[in-house]
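*Asks:* One letter stands for each residue in the lines below.
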Amino acid sequence: MKELLVVNDVFKAFPLPEGKGEFTVLDGIDVRVDEGEVVALLGRSGSGKSTLLRIMAGLIPPSSGSVSSSGRPVDGPNPDVTMVFQSFALLPWLTVIENVELGLEARGVGRLERTKRALKAIDLVGLDGFESAYPKELSGGMKQRVGFARALVVEPKVLFMDEPFSALDVLTAENLRGEIDDLWNAGTFPAKSILIVTHNIEEAVFLADRVVVLGSNPGHVRGDVNVDLARPHNRNDARFKALTEYLYGVMTNPALKVESTKTATTVHAESSAAVARSPLARPLPHVRVGTISGLVELIVDMGTNQEVPRLAERLALPVDDFLTILDAAVLLGFAAVRENCVDVTPIGRDFATTTILRSKDLFRQQVLANVPIVATITKTLAEKENKSMRADFFLDLLDEYYPAAEAQLQFTTAVEWGRYAELFEYDAAEARLTLGEAAGTVVG
Amino acid sequence: MNVPAMQRALPVPGPLRRLSFGLSDAVVFLGALALLALLAKVGSGAFVSFVPPQTLPSVSLAPSNLPYYASRSLLRMFVALAASFAFTFAYGYAAARSRYAERVLVPLLDILQSVPVLGFLSITVTGFIALFPGSLLGLEAASIFAIFTSQAWNMAFSFYQSLRTLPADLTEATEAYGLSRWERFTKLEVPAAAIGLVWNAMMSFGGGWFFLAASEAISVLNHSYTLPGIGSYVAAAVTARDLPALGWAVLTMAVMIALVDQLFWRPLVAWSDRFRLEQSASADAPQSWVYDIIRTSQAKRVIAVVWTPLGDWTSRRLASLTRVRSRRNAGVAPAWVERAYTLVLAVAVVVLLVAGARFVLASVGIAEVGKVALLGFYTLLRVMVLLAFATLVWTPIGVAIGFNPKLARILQPVALFLASFPANFVFPFATLAFIKLHVSLDYGSVLLMALGSQWYILFNSIAGAQSIPTDLREMAADCNLRGWNRWRRLIVPGIFSSWVTGGITASGGAWNASIVSEIVMWGSSTLTAAGLGAYIAEQTTKGDWPRITLGVATMSLYVVLVNRVLWRRLYALAERKFRL
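As given, the protein sequences belong to chains A and B, one line each in that order. Per this note's numbering: the first sequence = residues 1 to 444. Per this note's numbering: the second sequence = residues 1001 to 1580.
Think of the hints as simulated: they come from the structure by calculation, not from any bench. These numbers come from a predicted model, not from an experiment. Each hint should be verified, as a subset may be incorrect.
Said to hold, decoys possible - A partial selection of chain B residues facing chain A, derived with a Cβ cut-off under 8 Å: (1) Leu1166; (2) Asp1169; (3) Glu1172; (4) Ala1176; (5) Tyr1177; (6) Gly1178; (7) Leu1179; (8) Trp1182; (9) Leu1188; (10) Leu1277; (11) Asp1312; (12) Arg1316.
What the hints assert, rightly or not - Not everything, but these chain A residues come out facing chain B in the computed CB check (under 10 Å): (13) Phe11; (14) Ala13; (15) Arg54; (16) Leu59; (17) Pro79; (18) Pro92; (19) Gly108; (20) Lys136; (21) Arg150.
Glycine included, every Cβ here is placed at the ideal spot set by N, Cα and C.
Can you make the complete structure from the sequences, with help from the hints?
*Replies:* Printed below as a string of structure tokens:
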């Protein structure tokens, strides 16, 4: 099969503010897209999947490594690909047809030819009659149809989709996903290959011929999984289900090796060469305490050994969001994950069923034992004469490990957990932390 | 999908559109012809030759000349506006797109915004006369430049801000689809900035009348220069102590402002509403009857026939010239380049400061510097007293208006109108009153400065009161919050942000106004107040360059200091605590 896109050993890091080193997003990435295949990049947040897509589209440069497209190195916007955006990215002051013509105009296609091809593309995505409408008159699903028409009208070699259905409601997304799949299966698709970035496991297995699983912090390729099912992929097929469940297990358990299921699959060695890192470098999942206890209570109610897909479905949450909450529960020692099953720990059971005061005690104990940043803040405050400190101090500490926005988020989560545990108080107006009453009993 | 949206979305069949030459077409056609004829007639006056200072065009006080003078003034305003737009696009684009340019251009803009525009006049008038010897064009250019300086900085800053806050996904989309720089500029950057830019231009244009009136008749280096225009008409009327002529001038000015608002700005604002960034339809779009006429006429189709091929050709040329071939070196210059650049900037600033200080101190003693600083303090006191009084008087009135939607709809445009009416047209009446009542200008000038700037406080109080949510007001009534408590808990926090905006604008306007308010004339009698504004005005008349420089620099310093010490902090407080 002819190679269209080749990513060779790409590494990407963003500089941290004030020259405090770098934040690595992608590490040693090798990915390939061949002619005639649909590839899905599947990963959780923090896996750098959107960054990787943008590097392949030539929108941002890699720090090292190379990307080539149709044999030519990519060092600027890649002319072989067009992109469908999660947020649609339509220019609100242009009509549907003007938006669709955008890429053609940039390629210097004449006015008459442009109109002809745009009308055909609009017809293809089922927006006939809406040519002169403005985006604000359209529903979300119709806006994304314009996004598809704009991308397909230039007949790119590879169509890039960046979570194209995740801003739509479930039914609209399902409908549009099915239509795109139908177009592809009909064999008249205006692009030779498709590359889709997603965190939705079902979506990946439904659309893709090959799923590339990305790991997080920093992003790395965990392995490829071939979906060797007849197109269109049937959700009720036992092998579809088996594959989906297998991927759930893989996504839930970062330590698991990704192996080929049915056919030969390249299995990469785990590239997370366990470098000793500061405890602060391990990011906190941004989850509120109430959400964590809600999840633990639910698992207690539903009984032991719940499967991850079933739980996610029961909560009607996107898998990515669900896994983030689960991460928090695991981090605090309230839940444990084996294969793709979740169970509560004895402490978790106690936490979920006891009184508010006792559950706060348990939370305090667990957070101090398992969450280094909260423990560090509490200890630092306890050591101070006036038991109080400006927030900047801790933000600077986090800035060593995260970009500014992420450091702020990490801090916010740490404060939320510490406040709930009554370890410290936070005055937002003064941006000052003060040791809480309960802290005295725990920290000598 | 609701039904009205569907109907709007359906394309109008071609034959229906080509129907007939309607009434609106006739109006648009005749309007365009009349405009062209007027432009030709009025514009030709600007090319009259004269040799300064012998054959200056004189101003006749017959009221029948007023329409012609007013048109000449209006032409100046629009030329300045066009120049401001050109400047805005070039400057804003450079500042937003080049990191090196940004570090010079943005602070420079900050300083330029703080320099009293009228202080420039003396420098520019001499410069432009030298540039166009033997023609009235030099004076025209100087006057236009004065108006330009009152508009351009604001607009450039607004454009720069819009470019810096472009939605990331749209920027990415234009990049991914390979749009050239020119296509990005016309399809993304200018449209995204349009609403802010049009509003800013409209407000600045309103402020521009003041500088127009002040710049048409000016004495520099002991010469008085006069341009035919409504501002010089007022100046001539003052010299001749002709009250009826003044009355006619005020009336003409009022009519002109109202006409420009209805025929130019309202349609422009209504049109620019299409560039809203929200992806959903908004409820209350701005309306304009002129815009409706133009839109329903066939003007758009007629223009399209000519414009489309021409526009296509130009934009294709420009697009191919500005195509982005490969990624520009992603801005990671080596550290020493950064350091060298910073060093060059620092040296340039120091050299300029030293040169400026030497120029001033060579002919002016250090004692004079102290005296000027003291004069600046007097003017500062006037600005503060003015703000306090304007707040005490106009905030309650503004809040009362804002809480009454019907009243607000009528009176808000009136406040806006009053803010753009050049206060210097009313100065002669006030001066006459001061002379008759024996009021010292030391106090009277506060009133003169307030005549122009107080309206910003009123306007923003109305807007602030309107922005307080109805449920909060109902809650206040429900909790029986009354009188001072209601002000303290609901109204003051609610309108604080708006008040700060109004305060900044009003104080900027007051500093500028001090140059024409602290020294006023009626016939041959002159009233003077002790203050920095009077100092600058006097030195400008004399043409004493070092002292003009000293005066203007001191005033800029005061403005910058007050901005840093007072307004920035209040603004930060408003952002942090009182955001609704």
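*Asks:* Please verify that hint: arginine 150 of chain A, Cβ, nearest Cβ of chain B, below 10 Å or not.
*Replies:* holds, 7 Å
*Asks:* Given a cut of 8 Å on the nearest C-beta pair, is the interface hint for leucine 1188 of chain B held or broken against chain A?
*Replies:* holds, 7 Å
*Asks:* Is the interface hint for glycine 108 of chain A satisfied, with its Cβ closer than 10 Å to some Cβ of chain B?
*Replies:* holds, 7 Å
*Asks:* How about aspartate 1312 of chain B: closest beta carbon in chain A under 8 Å, or not?
*Replies:* holds, 6 Å
*Asks:* Can you verify the interface hint for leucine 1179 of chain B: is its Cβ closer than 8 Å to any Cβ in chain A?
*Replies:* holds, 5 Å
*Asks:* Have a go at the arginine 1316 of chain B hint: is there a Cβ in chain A nearer than 8 Å to its own Cβ?
*Replies:* For arginine 1316 of chain B, the interface hint holds, since the closest Cβ of chain A sits about 7 Å away, which is under 8 Å.
*Asks:* Given glutamate 1172 of chain B was flagged as interface, is its beta-carbon under 8 Å from a beta-carbon of chain A?
*Replies:* Nearest chain A Cβ about 6 Å off; hint holds.
*Asks:* Holds or violated: the hint that glycine 1178 of chain B contacts chain A, with Cβ atoms closer than 8 Å.
*Replies:* This interface hint holds because 4 Å falls under the 8 Å limit.
*Asks:* Is the shortest C-beta separation between lysine 136 of chain A and chain B less than 10 Å?
*Replies:* holds, 5 Å
*Asks:* Hey, does the proline 79 of chain A contact hint survive, CB to chain B under 10 Å?
*Replies:* Holds, because the Cβ-Cβ distance from proline 79 of chain A to chain B comes to roughly 6 Å (cut-off 10 Å).
*Asks:* Holds or violated: is the Cβ of tyrosine 1177 of chain B closer than 8 Å to a Cβ in chain A?
*Replies:* holds, 4 Å
*Asks:* Measuring from the C-beta of phenylalanine 11 of chain A to each C-beta in chain B, is the shortest one below 10 Å?
*Replies:* violated, 15 Å
Checked against the numbered hints listed earlier, the structure breaks hints 1, 8, 13 and 14; every other hint is satisfied.
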